[in-house]
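Numbering (this note's numbering), first residue to last: 802 to 935.
Just so you know, the hints here were simulated from the structure itself, not pulled from any lab data. Hints may contain errors.
Unchecked claim - Using 20 Å as the maximum straight-line C-alpha spacing, the simulated SDA-like pairs for lysine to any residue come out as follows:
(1) Lys906 - Glu882
(2) Lys845 - Leu855
(3) Lys825 - Tyr899
(4) Lys825 - Ile854
(5) Lys845 - His886
(6) Lys844 - Ile854
(7) Lys826 - His886
(8) Lys844 - Ile833
(9) Lys830 - His879
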Amino acid sequence: MSNVYLATSHVAKNNVLNRGMFAKKNISKGSIIEICPVIVLPKKDEKLLEPTILDRYIFDFGEDRECVVLGYGSIYNHSFEPNIHWYDDVENQTKIFYALRAIRKDEELVHNYHGLNSKNDGSVEKEYGLNEHQ
802 MSNVYLATSH VAKNNVLNRG MFAKKNISKG SIIEICPVIV LPKKDEKLLE
852 PTILDRYIFD FGEDRECVVL GYGSIYNHSF EPNIHWYDDV ENQTKIFYAL
902 RAIRKDEELV HNYHGLNSKN DGSVEKEYGL NEHQ
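Start from the sequences, fold in the hints, and give me the full structure.
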């Protein structure tokens, strides 16, 4: 797995959200950024997490489940112009983040919280209490 960039990414402060993940070196399009283990939850447990801070960090996983993403997967910030995305490896209980395009050294690694095709309709900001920063 010579193209896994976890060792070449780092957490740092950003100007808007206090912290984020940044590339320590140039990353090629299609490269795996990180393979994150997940804690799988039944969809029904999502309601139990709503009143907690963990609700902000829950991802859909597979067809009918939710998950808490471990590693740095829950630190990547949101953008409607993402440079990374993910896919689920349900069998191995991991979420795999990869580069959508070439990423320059020191560029923040960001993904669209609502999926690749969602547009800026204000729902992300409202749901997460954020301001769109890109």
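Against the structure, the hints come out as follows:
1. Lys906 - Glu882: This hinted pair holds, its Cα atoms lying about 17 Å apart.
2. Lys845 - Leu855: The given pair, whose Cα atoms are some 15 Å apart, holds under the 20 Å limit.
3. Lys825 - Tyr899: The hint holds at about 15 Å.
4. Lys825 - Ile854: Status violated; Cα separation ~29 Å.
5. Lys845 - His886: Answer violated: Lys845 to His886 is near 25 Å, above 20 Å.
6. Lys844 - Ile854: Holds, at about 17 Å.
7. Lys826 - His886: 18 Å, holds
8. Lys844 - Ile833: Violated: Lys844 and Ile833 sit about 27 Å apart, past 20 Å.
9. Lys830 - His879: Distance ~19 Å between Lys830 and His879 Cα, so the pair holds.
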